[in-house]
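If you read the protein sequences in the order shown, they are chains A and B.
According to this note's numbering, the first sequence is numbered sequentially starting from -18.
According to this note's numbering, the second sequence is numbered sequentially starting from 2.
One or more hints might be untrue.
[What the hints assert, rightly or not] Restricting the straight-line Cα-Cα distance to at most 27 Å, the calculated cross-link-like pairs of lysine-lysine (DSS-like) are: (1) A:LYS0 to B:LYS383; (2) B:LYS332 to B:LYS387; (3) A:LYS31 to B:LYS387; (4) A:LYS31 to B:LYS383; (5) B:LYS349 to B:LYS386; (6) B:LYS332 to A:LYS(-1); (7) A:LYS0 to B:LYS387; (8) A:LYS(-1) to B:LYS386; (9) A:LYS31 to B:LYS349; (10) B:LYS349 to A:LYS0; (11) B:LYS133 to A:LYS31.
Simulated from the structure, these hints should not be mistaken for laboratory data.
All values reported here derive from a predicted model rather than from experimental measurement.
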Amino acid sequence: MPEKKLICYKCRKELELKKANFSYLGHTFYTDAPTCPECGIVYISEDLVKGRMSDVEMQLEDK
Amino acid sequence: MEGPRILCKTWSVCPVCMKRLPAERIQIGTEVFLRKTCNEHGIFNSIIWRGLYDINEWVKGSDRLSADNPQCPNGCGLCSDHVQKTCCVLLNITHHCNLQCRFCFEDNCNQGDDPTFEEIKESLVNLIERGKTLVQLSGGEPTVREDLPGIINGAKEAGARYVQLNSNGIRLGEDKEYVRKLADAGLSFVFMQFDGTNDEIYETLRGKPLLEIKKAAIENCSAYNVGVTLVPMIVRDINTHNIGDILRFAISEAPKVRGVHFQPVTFIGRVPENPTDYERITLDELVFEICNQTDDMIKPGDLLPSSCDHPLCGFHGDFMVDQDKLIPLLKRDNPEQQCCCDSSAAEKNREFVARRWQRSPADPNDADLCCGDLYDMEVFLKRIKKYGFTVTAMAFQDAGTMDFSRLRNCSFHVYEKGRFIPFCSYYLTGWTQ
């Protein structure tokens, strides 16, 4: 969890770390990501996008 | 049965006099042949597809043969009519070999002088595009050279992104210290001839039992974290029945073994006799045998036609090893699958194969990778980097099957005297009459 609190802009609730599912090219994975306990919106950090998500994309992409 | 149907018009050569000839891919029943007529030597039909799957679905508009070019294939050296860029470059560093095989691209083994170390270094500097090139050191058998570590080092210094060694594995199995020197010099991975899981196959194809030395080569390469891809040449009635066992063996040796690269026998260079259609192993037949002999652990849809070369030149499948099984990562019918039949295909292919064939750096904390939930992104990433596995094939052309539409899509080139020459035109040899 980042040091700063993350608040859902809509529900005004503090985000909690929960399992979030990601699908890419027919494969589905989960990882922990800050999620609104009320509406379920997921915050995807730049670190996650440029790190693991980009890594998964590269591994799964065809040549 | 329906009459012959022309699927595609192309160009080829007469297998006897090597004269350029118009040619056609014709379908007769379910089978597809390359047909051409030489005024002097007659009609030639060579089977290229047995009709086990739909060839039109497989090829899908990949024929982009432009106007006839009278230089093709004898003046081959990547002219403006060539469609594809270079994916891998092969450099022959010796004519010498420690085997005398029944089939070999190189018909003149052990004849003539080898290039000097300085000549090879000069070639490497000329052929390598810094930070990009995948260079394959080949022969003959490259490991007969004592200066191979220096050559690998020279390739890396010249900027090669990957250095691949094509080897029969004998020296690699016998001489662990030599393998260490190759690894220290920067060897990326090894393509090792591996025709089967029993010695009868080696005795027939290579003249001696070699299975144990191949296993030792895998171990020695593993000791220095050098990935090995097994390369079986598939020959009718000799190892066609062994395809499933080769795959099971390779999977059991992951992550030391990174995949299997099948090469259906090609009738170029040294061959026992001119081929018959019975002896030819077509690409669709190979797909069928892989699936059938693995009890559908691998399915036809897991193997995709080549987009880097012409679809009739090969296929690739990307997998992850899970215990003794393979999990497919690519699906032919996946609508999200990107099409990459553009000019960047060669580069994409190079990165695709290299990220699988190269072993990831040894990590003492990843010993428990056999377990864990593969839906967990972190577990998947660790697992795929260590246990990624490819099943690929390349069907080379000979004087019977030579098809200029395929040739002009070739991304696998031999470097010689300043020229990049498609593999199949470089090695093309005529038949005896």
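**Request:** Any hints from earlier that this structure breaks? Give me their numbers in increasing order, please.
**Result:** Those not satisfied are hints 6 and 10.
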